[in-house]
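Trainee: Heads up: the protein sequence lines correspond to chains A and B, in order.
Take the first sequence: its position 153, counted from the start at 1, is 156 in my numbering, and no numbers get skipped.
Take the second sequence: its position 20, counted from the start at 1, is 23 in my numbering, and no numbers get skipped.
Because the hints were derived from the structure by calculation, they are not lab data.
One or more of the hints may lead you astray.
No copy labels: a pair is met if it fits in one copy or bridges any two.
Here are the computed lysine to any residue pairs in the SDA-like style, where the Cα-Cα straight-line distance is at most 25 angstroms [said to hold, decoys possible]:
#, residue 1, residue 2
1, LYS237, ARG178
2, LYS253, TYR76
3, LYS253, GLU61
4, LYS237, GLY176
5, LYS95, LYS287
6, LYS253, PHE88
7, LYS95, GLY65
8, LYS237, LYS253
9, LYS253, HIS82
10, LYS126, GLN149
11, LYS89, ILE212
12, LYS5, ASN60
13, LYS126, GLY148
14, LYS287, ARG178
15, LYS89, TYR284
16, LYS237, HIS222
17, LYS237, TYR31
18, LYS237, GLY179
19, LYS198, HIS220
20, LYS253, PHE91
21, LYS35, ASP274
22, LYS287, CYS175
23, LYS237, CYS104
24, LYS253, ASN60
25, LYS35, VAL50
26, LYS198, ARG269
Number of protein chains: 2
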Amino acid sequence: MKVIAGVDIGGTNTKIGLVSPEGRVIRYNRFKTGSLPNFEQFILAIVEHINALVLPNEELVGIGIGAPNGNFYSGSVEHAPNMPFKGFLPIKESLKKHFSCHIELTNDANAAAMGEKLYGAAKDYNDFIVITLGTGVGSGIYCNGQLVYGHDGFAGELGHVIVFPGGRLCGCGRRGCLEPYANQRGVLQTLEELKPSFPESSLHGIEPINAKIISDHAHAGDTLAIAVFEQTGKYLGFAFANFMAFLSPKAIFLFGGISRAGELLRQPLIDEMERNMLNIYQNKLEVRFSELSDDDAAILGAAALVG
Amino acid sequence: MKVIAGVDIGGTNTKIGLVSPEGRVIRYNRFKTGSLPNFEQFILAIVEHINALVLPNEELVGIGIGAPNGNFYSGSVEHAPNMPFKGFLPIKESLKKHFSCHIELTNDANAAAMGEKLYGAAKDYNDFIVITLGTGVGSGIYCNGQLVYGHDGFAGELGHVIVFPGGRLCGCGRRGCLEPYANQRGVLQTLEELKPSFPESSLHGIEPINAKIISDHAHAGDTLAIAVFEQTGKYLGFAFANFMAFLSPKAIFLFGGISRAGELLRQPLIDEMERNMLNIYQNKLEVRFSELSDDDAAILGAAALVG
Chain A
4 MKVIAGVDIG GTNTKIGLVS PEGRVIRYNR FKTGSLPNFE QFILAIVEHI NALVLPNEEL
64 VGIGIGAPNG NFYSGSVEHA PNMPFKGFLP IKESLKKHFS CHIELTNDAN AAAMGEKLYG
124 AAKDYNDFIV ITLGTGVGSG IYCNGQLVYG HDGFAGELGH VIVFPGGRLC GCGRRGCLEP
184 YANQRGVLQT LEELKPSFPE SSLHGIEPIN AKIISDHAHA GDTLAIAVFE QTGKYLGFAF
244 ANFMAFLSPK AIFLFGGISR AGELLRQPLI DEMERNMLNI YQNKLEVRFS ELSDDDAAIL
304 GAAALVG
Chain B
4 MKVIAGVDIG GTNTKIGLVS PEGRVIRYNR FKTGSLPNFE QFILAIVEHI NALVLPNEEL
64 VGIGIGAPNG NFYSGSVEHA PNMPFKGFLP IKESLKKHFS CHIELTNDAN AAAMGEKLYG
124 AAKDYNDFIV ITLGTGVGSG IYCNGQLVYG HDGFAGELGH VIVFPGGRLC GCGRRGCLEP
184 YANQRGVLQT LEELKPSFPE SSLHGIEPIN AKIISDHAHA GDTLAIAVFE QTGKYLGFAF
244 ANFMAFLSPK AIFLFGGISR AGELLRQPLI DEMERNMLNI YQNKLEVRFS ELSDDDAAIL
304 GAAALVG
C-alpha cells in the first residue's frame, strides 16, 4: 500500500502519522521537539520515527510537513519564536538526504487549514480562517478557495497582528500581539491577573497548571476558570472583528488546546466580536470549532501537501 | 467605436469617463455627489452625464461603477458612512432601467486596485494592496493574482481595522479605526493637535484648509506641515506592519489626495512600519505611489469590470 507521512512539528511536540490513500491516519507516533540537542539530531529523530512507522509491505510516496514559520516556497522554517532551534532551518533539504520521495513543507497552521478544508468542517467553504490556539497562535487563510501564501510564503501570521498596542510582551519581542493573549502562556497570565478577584476558586494552589486543567475546572463550574475563558474569548473576539475587515471570511474555525473550553470560550468571543464589528459585517461571521481531532488535523493537512 | 463608461462614485465627487477599447479615458465629466437631493435624482444625474458624453458615432457597450461600500455580488451600495445617501442603494438595478448594456459595480477602492493592476504600477504584482486616502480610507486587495471579495463581497475595508483601540472617533461610529487618522479630516485633526507646538508656522490662520494646502506648505518647507505628514505616515506605517501579517503582499500602493505629500509621507511611514514589523517581514514590503492619475485610475478600474 502507498502511504504518505504527515509530520506536524510543534514548539512542544513533533507528531508523525502515516496516512492511507483514503485519507485516514493509520499509525502514528510523537516525540518532544525540545528533547533533541540540536537541529541535526532533530532531523535524524524525524527520519527514525518515519522509518519506524512504515511496514515492509508499505511504500512511502511522500512526506508533508507542517511547522511553525514553515515556508512553502523555501522548504525551511525561518526564525520561529516558539521553536527550540533558532534561525534558518532547511527541513525539506535536510530530509531529502534521507528520502527519495516527494517532500513539501508549510506553516503548521496552513497545514491545519488544509486538513480542515479536505477532511473537516471547512469542506464547503471558500473563504475561511483557521486559528490555532496552542503554544503559539497561528492561522491558515483560504481566500477564493485557495490557501493564501503571500508573496514570500509567510502570509497568515494572525497571532502577530498587534491588537492591543503597548500590551503584553510577545515571544516575537514586540508588544500587544494577539498571541500572548490567546496562547497557553497567555491563558495562564490571564488566570494570574484574575486570581485576586476570585479568592474562593478551586484553582488556587494547583501546580503546575495548564489550559486543560483550567478548562476542566471551568466545565465543573469554577467561576475563576470560567472568567479566564470569558476574558480570553473577549480578546479573540476583538481581534476577529478586525480580521473580518480584511477578508470577510464566511467562518473562523478554532483549533487546538485552548479551544477545548468550547462554548465557555465561544459565546463571550462572539459577543465581543459583534460589539466591535463594522456594521456591514454584523451577524455574518460564523465562529466554529475544528471537526478534526488535534492530532489528525495537522497530520492530514501536512500529508495533503503531497497527496 | 465601442466605448465603456467608468463611473467613480465618491463621497464628494462622482466622476464619469468614457474609456476606449485601448484603455484610454477619451472624455470625462463630474458632479458633486451631495448636490443631488436624493438617491433617485442622483441616479438620473449619472444617466444624464453618461448620455452627455457618448457621441452619435459611439456605441456604449458597458458601464462599470466603483462606489464606497459597493458590493459586486449585490450591485448595490450598502450603508456607506461617507455617502450623502444612506442605507441600501440599488445602483446597478436602478441604472439597468435606463441602459440595456452590461453593468457591474464594485467598491471604489477595488476599482482603483483593478485600474492599478491593469494599467498602472501593479501590472507585475500578484499580491498587493491599494490604499486610497481621500474622504475615506479604502482598500483593494489582490491575492494570488485575484481581487479579494470575501464571502459577501465586502472584503478589504482596511480603513475600518481598529489600529488604535479607544482612539479617534470614526465615521462608522467606532473608535480607533485607521480611517480617522489618514483621511482628509484625520489629517486636519492631526494639524490641530500639532499646531500649538509650531507657533511660527505659515499655516496658522489659513481658512478653509485642506490636505492639498498642507502638502503645498510642506513642500515649501513649513515645519508644521512637514510634521503633519510625518505623523500621518507614522499612523499608516504602524497599520501597514499589521496588514503584512495577513497577506504578506509584495507592495502597498498609496492612492488619493493625501498621498500627494509624496516622500514627506512615505519615508516616516516606512520607518515606523519597519520599526513595528515582525522580524520575518522586515525589509520586504514595498510602499509605492499609484502610477495612475487620481481621476483615471478609478474610472479605468471601474471600466475594467465590464471590459
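Trainee: Between copies, within a copy, both or neither: which fits LYS253 and PHE91 at Cα up to 25 angstroms?
Mentor: Classified as between; 21 angstroms across copies, 35 angstroms inside a copy.
Trainee: When no copy is specified for LYS198 and HIS220, does a C-alpha distance of 25 angstroms or less occur within a copy, between copies, both, or neither?
Mentor: within (14 angstroms within a copy, 55 angstroms between copies)
Trainee: When no copy is named, should LYS89 and ILE212 be tagged within, between, both, or neither for a Cα gap of at most 25 angstroms?
Mentor: Answer is neither: 27 angstroms inside a copy and 53 angstroms across each miss the 25 angstroms cutoff.
Trainee: Tell me, please, which holds for LYS5 and ASN60 at an alpha-carbon limit of 25 angstroms: within, between, both or neither?
Mentor: within (9 angstroms within a copy, 67 angstroms between copies)
Trainee: At 25 angstroms max between alpha carbons, let me know whether LYS126 reaches GLY148 within a copy, between copies, both or neither.
Mentor: Answer is both; intra-copy 10 angstroms and inter-copy 23 angstroms each pass.
Trainee: Treating 25 angstroms as the Cα threshold, decide for LYS95 and GLY65: within, between, both or neither.
Mentor: within (12 angstroms within a copy, 50 angstroms between copies)
Trainee: Given identical chains, is LYS95 near LYS287, meaning Cα to Cα at most 25 angstroms, within a copy, between copies, both, or neither?
Mentor: Between copies, since 23 angstroms is at most 25 angstroms while 40 angstroms is not.
Trainee: Reference check for the pair LYS198 and ARG269, CA-CA at most 25 angstroms: within, between, both, or neither?
Mentor: Answer is within: at 22 angstroms inside a copy they meet the 25 angstroms cutoff, but 46 angstroms across does not.
Trainee: One pair to classify: LYS89 and TYR284, alpha carbons no more than 25 angstroms apart. Within, between, both, or neither?
Mentor: between (40 angstroms within a copy, 17 angstroms between copies)
Trainee: For LYS237 vs ARG178, is the C-alpha pair at or below 25 angstroms within one copy, between two copies, both, or neither?
Mentor: Classified as both: same-chain Cα gap 18 angstroms, cross-chain 17 angstroms, threshold 25 angstroms.
Trainee: At 25 angstroms max between alpha carbons, let me know whether LYS237 reaches TYR31 within a copy, between copies, both or neither.
Mentor: Answer is neither: 36 angstroms inside a copy and 50 angstroms across each miss the 25 angstroms cutoff.
Trainee: Since the copies are identical, ignore which copy is meant and state whether LYS126 and GLN149 lie within 25 angstroms (CA to CA) inside a copy, between copies, both or neither.
Mentor: both (12 angstroms within a copy, 21 angstroms between copies)
Hints 3, 6, 11, 17, 21, 23 and 24 from the earlier list are contradicted by this structure; the remaining hints agree with it.
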